[in-house]
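Peer 1: Spelled out, the chains give:
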Amino acid sequence: MLSELRTMWEVLKHTFTKAETVQYPEEMPYLSPRYRGRIVLTRDPDGEERCVACNLCAAVCPVDCIALQKDTREDGTWYPEFFRINFSRCIMCGMCEEACPTYAIQLTPDFEMCEYDRQNMVYEKEHLLINGVGKYPDYNFYRVSGMKTATKDKGEALNEARPIDTKSLLS
Amino acid sequence: MPMIYVDGQEIVVKQGENILEACLNAGLDLPYFCWHPAMGSIGSCRQCALVQYQNEEDTRGRIVMGCMTQVSEGARFSLKAENATQFRKAVVESLMLNHPHDCPVCAEGGECHLQDMTVMVGHRDRRYTGKKNTYRNQYLGPLIEHEMNRCIACYRCERYYRDYAGGKDLGAQASHDHLYFGRHEEGVLESEFSGNLVEVCPTGVFTDKPFLKQYSRKWDLQSAPSICQGCAVGCNIAPGERYGKVKRVHNRYNDEVNGYFLCDRGRFGSGYLNSDLRLDYAGIKNPDGSFFAVHQQQALDTAVEWMAGKKVAAIGSPRASLEANYLLRELVGSKNFAPGFSDQEADLIGSIVNILQTTKSINPSIKQIETADAVLILGEDVTNTAPRVALALRQSVRNKAFELAEQMGLPPWQDAAIRNLAQDQRSPMTVVSAMDTRLDDVASTCVSLAPDDIAAFGHAVAAALAGETTDNTEADAAAQMLKAAKNPLIVSGSSMAHQGIINSAAAVADALNQATTMLSFCVPECNSLGLALMVADGSSSSLKALAKRAAKLDALIVLENDLYRRGDKELIDQLLASGTKVITLDMYENDTLDQSDLVMAAASYAESQGTLVSSEGRAQRFYPVHSPAAERLPSWQWLLRLAKITGHKKLAKLENFDQIVVACAKSSPLFAGLVDVAPLNNFRDRGSKIPRQTHRYSGRTAMNSDVSVHEPQQPKDHESPLSYSMEGLNRDQPASLIPFVWAPGWNSNQSLQKFQSEVDGPLKGGSSGVRLISSSQTGAEISPQVGKIILKPHQWHLVPMEQIHGSDELSSHTDEIAELAGRGFVAIGRKVAEKLAVTEGDGLLVKQGEIECSLEVRILSRVAKNCIGYSAGYSETQGLTAGSLVGLEVDKAWRRSGPEMIASDKAAFEQVIGGGGASNV
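The listed protein sequences derive, respectively, from chains A and B.
The first sequence runs contiguously to residue 171 in my numbering.
The second sequence runs contiguously to residue 921 in my numbering.
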């Protein structure tokens, strides 16, 4: 008996509290930049695709909704020939962003991506790639990594010494 | 067996092994880099450190290297001691000082031994703030990619390439922390076994270049246990597939066959599977010669219409499975079935089968070949005809070193010490051949003789062994060599297309009359021996006999066989073009296919299952890696459906693959062992099938979503105990069912040790394959007669030279292999070259009757008198017959191929064209 009365009291008490309901979509809620919404692929500060097709995002994805294929540019650097996210499966967990060694894949605060046709939830690279650096303005993987690229010779990466001349007697 | 203590735990170990092996055998995870089960220990990487205590009271102990410390009764060790773990962590930290931070763009990533060991020792944060050493990479040919920055200086590559595989052009340069592993200048790696560097290197210095072009991570590959189709050795392989393409081939361990290593044809020669020449659909020929695609059923109906109640003959294939050949033979009856060998080949392989069934000697496995302490090779360039056997022969000459080591009390894994002790002392090997072979460098004696004389030499050796006196001192010496040996081995084969050589090898083996004598034959194709066993009863027909009857035949079925490679053009034209309806089952476009009226698109070995019999007589099963693309069907399924529609009495009752195997096993007492080759399709490991995919196979809900977001069901495999799935266990199953190796903490191929019953021993599930041939021990019946060809002036004896790259029908359709194969060539001696005034790269016309071939000149260092060699199996040399007498003439219209570039020129050339590497040129 006492328990029922107490329950009714607790419920009725809420009649006088301020409503939490937001008048979405007229009134937009605040979402922090770290919010986990629609996934994008970003570019490095030089405007090149950041993704190197290492496949770590696909491997870590708990619903296996990322598929990609590595290809090679003329200078030997890697990039994805195709990069596909099936958003109808994506659970916005953000593990792909955590796994990404090049800051290429990032989650954005945009969650408004409803479709009438599920097929439209399949995003290819051209849908995912943005013209910007996202949350990490300065990072460029190839400046740090030892791989030779079109613009960077061996020994020119961060913290690298000039290539060793193995035929020199002085080395 | 001694007992040792590791962290207080009692472990029974094998006498003489080292503590690293003992720990791995006990299932303990002790990190290592430079040690390799096939190459022993050198203690260079300092990674397998652990603490050894003097006795029970000793609490301090001292750090020792696991791979260099022999076990002894009651010895006490600790893996977990603080100083040991700190030491191992510090070693990895120092190895990582110069590591280039490029795992995301490294093809080794995800199956990297360095990654595994780094995680295992717990190293995480970089403390060193100095600069990293860097190196320039080299172009090493179309097969191997080089990235020296990733090197940890374990020396495995050099020890494998030089010491194990006998290569000369890769080694260590410079010193201290400037160590460099590469060639003296850029260029194609010369060894036929260079591909194993990919698996031997614990990090990403040497990676698989063709795989890199279409790269997927190890965890994304769908793999299946398979058998190499490159030659008759029957190496076990594990091809990996993704997005419908076979992306790479990795070694699959079989202790009795290939062990840890493959040849380059086996590893890189499967590129043809993704070639444009592959057929996707069945087709019926239009009157204008083109084909129009039809559905499977329509193709079958057409075939049945052509076959029902008519005279039908069939031609099998030594590159098709035993089951497909069996079905075809039953379908048309033995008398109407030709095995699809050329008539010459049929005789040669038939006699090899006959000899293997009667010889007094052992038909050795590769593991047994490695134990030989005296080798006589008659006529065969083994490196080009049975490459993996040649690698084993290279190990066999080291038995002298192991013998010396045993006298000194050195354990066999003390690699550096044993090499130091033996220096250049090797077990004897005599190579008798018409010209250079790739084993000449380890041979104690090389004899250059024309094919007929090789046979005579063999018989002279046999005579000397029987106690007769011969006037041939070299043959006497060879006989002495074999007599003095504990495990003598005679190797010969069919590549010289010479019956006398095969007979003489058998004569030598039987003359030795010793229980440990080994006799090994090289045969050309992956199922040559299986097919020869099938037709051993002599009831089958031959190509020539069928061609005679061709006009009377209504239909001819050709199974996976390009007949134009089997006989002269005239004969095959007669066979195919005489109003007979020709039905061809094959997987790629070729000349025979063009002459057919109906084509059925056959699945490749990576899409079907079957049994092959290796040159050792070992029947082994291969399984599909992925389900057939488009409207392809495995040949055995095409034939079984055909049999069902035609209502064949015996075959219509068969429902699945296992029943075909049973029927095939019953068809001949020789095949009785077939039922035990691999588990039946109802085999389950703890309730489920064996998964072809790793447990971390990615992208399942996105791979096909570009086509439809509604995910298709995984394909079902009703015929084998494997599934196209990641569900199930890949552990402790029978050895023939291991699709890939992986163990927790061991992502690289080094996880193999978790599947072995002991280090370097058989797999936990046993050795796979069943040997079908057992000898009656009565001694082979052979005729010792050797013919002697009399040459006219300006006539040359034409000797076939099989090439590892280029001679094989299928692998030569792989771009990289075709690049290595080069142009068809004629090989001559120095003196002949001087006489004709030609140099290497010039052109010569080889005239054999009416056939004239324009071929590039190669100059050899040793050639038998009046002999010239030609690249067998090349399109340029099609029509040339082994053993024929030919004329030679300088080709005036010849244009040399572009000058070979030296490394410095190539760099300049690349700068001009702006390419990244020669692969882009």
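Keep in mind the hints are simulated off the structure, nothing from the lab.
Values in this document were obtained by computation on a predicted structure and should not be read as measured data.
Errors might be hidden in some of the hints.
What the hints assert, rightly or not - Per the computed footprint, the stretches of chain A lying under chain B, defined by three or more beta-carbons under 8 angstroms from a beta-carbon of chain B, are: (1) 145 to 152; (2) 157 to 169.
Stated by the list, open to error - Distance condition first, Cα-Cα at most 25 angstroms in a straight line; then the derived SDA-like pairs of lysine to any residue: (3) 213/B / 64/A; (4) 154/A / 128/B; (5) 167/A / 187/B; (6) 865/B / 791/B; (7) 154/A / 360/B; (8) 132/B / 64/A; (9) 360/B / 347/B; (10) 335/B / 652/B; (11) 754/B / 187/B; (12) 152/A / 129/B.
Glycine included, every Cβ here is placed at the ideal spot set by N, Cα and C.
Peer 1: Each hint: holds or not?
Peer 2: Verification of the supplied hints:
| no. | hint | verdict |
| --- | --- | --- |
| 1 | 145 to 152 | holds (count 5) |
| 2 | 157 to 169 | holds (count 9) |
| 3 | 213/B / 64/A | 24 angstroms, holds |
| 4 | 154/A / 128/B | 20 angstroms, holds |
| 5 | 167/A / 187/B | 17 angstroms, holds |
| 6 | 865/B / 791/B | 11 angstroms, holds |
| 7 | 154/A / 360/B | 62 angstroms, violated |
| 8 | 132/B / 64/A | 37 angstroms, violated |
| 9 | 360/B / 347/B | 21 angstroms, holds |
| 10 | 335/B / 652/B | 20 angstroms, holds |
| 11 | 754/B / 187/B | 37 angstroms, violated |
| 12 | 152/A / 129/B | 21 angstroms, holds |
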